[in-house]
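Peer 1: Please arrange chain B on chain A, whose structure you already have, making use of the hints.
As a plain string of letters, each chain reads:
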Amino acid sequence: MAGHSDSSSSEKKSSEAMNDVLVFSAENMQNNTKVIYYSRTFMSIIGGVIAGILGFTGFMGFVFYFLVMAITSIGLIAKAKFSVHSYFDSWNRIILDGFMGGLMSFVLFWTFAYDIVHIF
Amino acid sequence: MAEDLVLDTAIRDWVLIPLSVVMVLIGILRYFVAKLMRSFQVPDHKIVKEGQVIVRARNLRAAANFIPPKSFRPRRVYFSNEENGLLFVPKGQAQNAQAQMFSDPNMAMDMMKKNLSMIIPQTLTFAWVNFFFSGFVAAKIPFPLTQRFRSMLQNGIDLSTVDVSYVSSRSWYFLNLFGLRGLFSLILGEENAMDDTQRMMQMSGFGFDPSKSLASEKDGLDIVQHEWALPKFEHRAEAVLKKLVR
Numbered sequence: 001m002a003g004h005s006d007s008s009s010s011e012k013k014s015s016e017a018m019n020d021v022l023v024f025s026a027e028n029m030q031n032n033t034k035v036i037y038y039s040r041t042f043m044s045i046i047g048g049v050i051a052g053i054l055g056f057t058g059f060m061g062f063v064f065y066f067l068v069m070a071i072t073s074i075g076l077i078a079k080a081k082f083s084v085h086s087y088f089d090s091w092n093r094i095i096l097d098g099f100m101g102g103l104m105s106f107v108l109f110w111t112f113a114y115d116i117v118h119i120f
Numbered sequence: 001m002a003e004d005l006v007l008d009t010a011i012r013d014w015v016l017i018p019l020s021v022v023m024v025l026i027g028i029l030r031y032f033v034a035k036l037m038r039s040f041q042v043p044d045h046k047i048v049k050e051g052q053v054i055v056r057a058r059n060l061r062a063a064a065n066f067i068p069p070k071s072f073r074p075r076r077v078y079f080s081n082e083e084n085g086l087l088f089v090p091k092g093q094a095q096n097a098q099a100q101m102f103s104d105p106n107m108a109m110d111m112m113k114k115n116l117s118m119i120i121p122q123t124l125t126f127a128w129v130n131f132f133f134s135g136f137v138a139a140k141i142p143f144p145l146t147q148r149f150r151s152m153l154q155n156g157i158d159l160s161t162v163d164v165s166y167v168s169s170r171s172w173y174f175l176n177l178f179g180l181r182g183l184f185s186l187i188l189g190e191e192n193a194m195d196d197t198q199r200m201m202q203m204s205g206f207g208f209d210p211s212k213s214l215a216s217e218k219d220g221l222d223i224v225q226h227e228w229a230l231p232k233f234e235h236r237a238e239a240v241l242k243k244l245v246r
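These protein sequence lines are chains A and B, in that order.
Numbering-wise (my numbering), the first sequence opens with residue 1 and increments by one.
Numbering-wise (my numbering), the second sequence opens with residue 1 and increments by one.
In isolation and in its complexed conformation, chain A is listed as follows (with noise of 0.2 Å):
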């Protein structure tokens, strides 16, 4: 536990799993909270300009935003090293924080861009 050093910049180790009791650092969770937001925001935002350029329409477009999520999820865990509960308290914290805002975004980028590339 000692000799580890903070290779990734913007995530931070918020649990020592030394005793007993878990101690979280709530300064780092809220900021690994943040990233994910953010994370998540931008993504559907692309995802949702991807969305409208290739034309998906109703219940296909949906199923592109879990997709994008999920990749979403993947690229996080992987970027946290596989090991969660040193940087968050929960499995569902990653996976499904900000879902909801996200797909809000979505939507709005997706019609922006499905209406100018397809109705222009």
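Each hint should be verified, as a subset may be incorrect.
What the hints assert, rightly or not - Short derived list, chain B residues pointing at chain A, Cβ under 10 Å:
1) A62
2) A138
3) K140
4) V167
What the hints assert, rightly or not - Some chain A residues judged to face chain B by a derived CB distance under 10 Å, without partners named:
5) T57
6) G98
7) S105
By construction, these hints were calculated from the structure, which means they are not laboratory data.
Values in this document were obtained by computation on a predicted structure and should not be read as measured data.
For glycine and all other residues, C-beta sits at the position ideal for the given N, C-alpha and C.
Peer 2: Same frame as chain A, now just chain B:
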């Protein structure tokens, strides 16, 4: 799909894009105006003192497991002792503070200012959209909706056979309203985005209620069961140092 309307290019240039641009700009403007208008109220001496006591008690509760039991207990007694403990406030005194805060004009003005700065730009923009951009199909949303949404989304358009996916500009306004929140949080940093529902919840829960929070801190402190989490830390330190030296 039954029919595939071809919409005028000019609609794209003069409706969708200006509306989005205007909403983004208004959001940024509101953020800066709020920042400039944030008046600093001089905090009341007594309230600050009580606030600090609460913070201390909360720290004690959070970190209780890291100090040995012998030092935790006197600290707890210091806070929650019945006669002269810091968290024990007699009932009569508590009521006064609350009444005073409600009639304080400064706080009421601040709340009103914040509420207004939230609501006025939205109302103005909505009225503007309704006045200028009504009566034509503005956009097509890429997913189908049921007939019930027709009245909500197509209110300027008086044809009932048009597919529900073709919406008026009012619905484009609402779509922007919700969707640009994420964009604002990226541009403006942190959660300064236009989270109106969150702000309204903050407004309704009044804020600094000293008597109740003191009592709740006292209860919380009484409940804490001390469990020393670092009984073996000397061994651990030894192991770590050994690894370093090797």
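Peer 1: All the hints need checking, so say for each whether the structure fits it.
Peer 2: Results of checking the hints against the structure:
Interface hint at A62 (chain B): satisfied, since its Cβ lies 9 Å from the closest Cβ of chain A, which is below the 10 Å cut-off. Hint status for A138 (chain B): holds, given a least beta-carbon distance of 9 Å to chain A, under 10 Å. Interface hint at K140 (chain B): satisfied, since its Cβ lies 6 Å from the closest Cβ of chain A, which is below the 10 Å cut-off. A hinted interface residue such as V167 (chain B) counts as satisfied when its beta carbon comes closer than 10 Å to some beta carbon of chain A; here the least separation is about 9 Å, so the hint holds.
Because the beta carbon of T57 (chain A) sits about 5 Å from the nearest beta carbon in chain B, less than 10 Å, this interface hint is met. Taking 10 Å as the C-beta contact cut-off toward chain B, the hint placing G98 (chain A) at the interface holds, the least distance being around 9 Å. The interface hint given for S105 (chain A) is met, as the beta carbon of that residue sits about 4 Å from the closest beta carbon of chain B, less than 10 Å.
Consistency note: the structure conflicts with none of the earlier hints.
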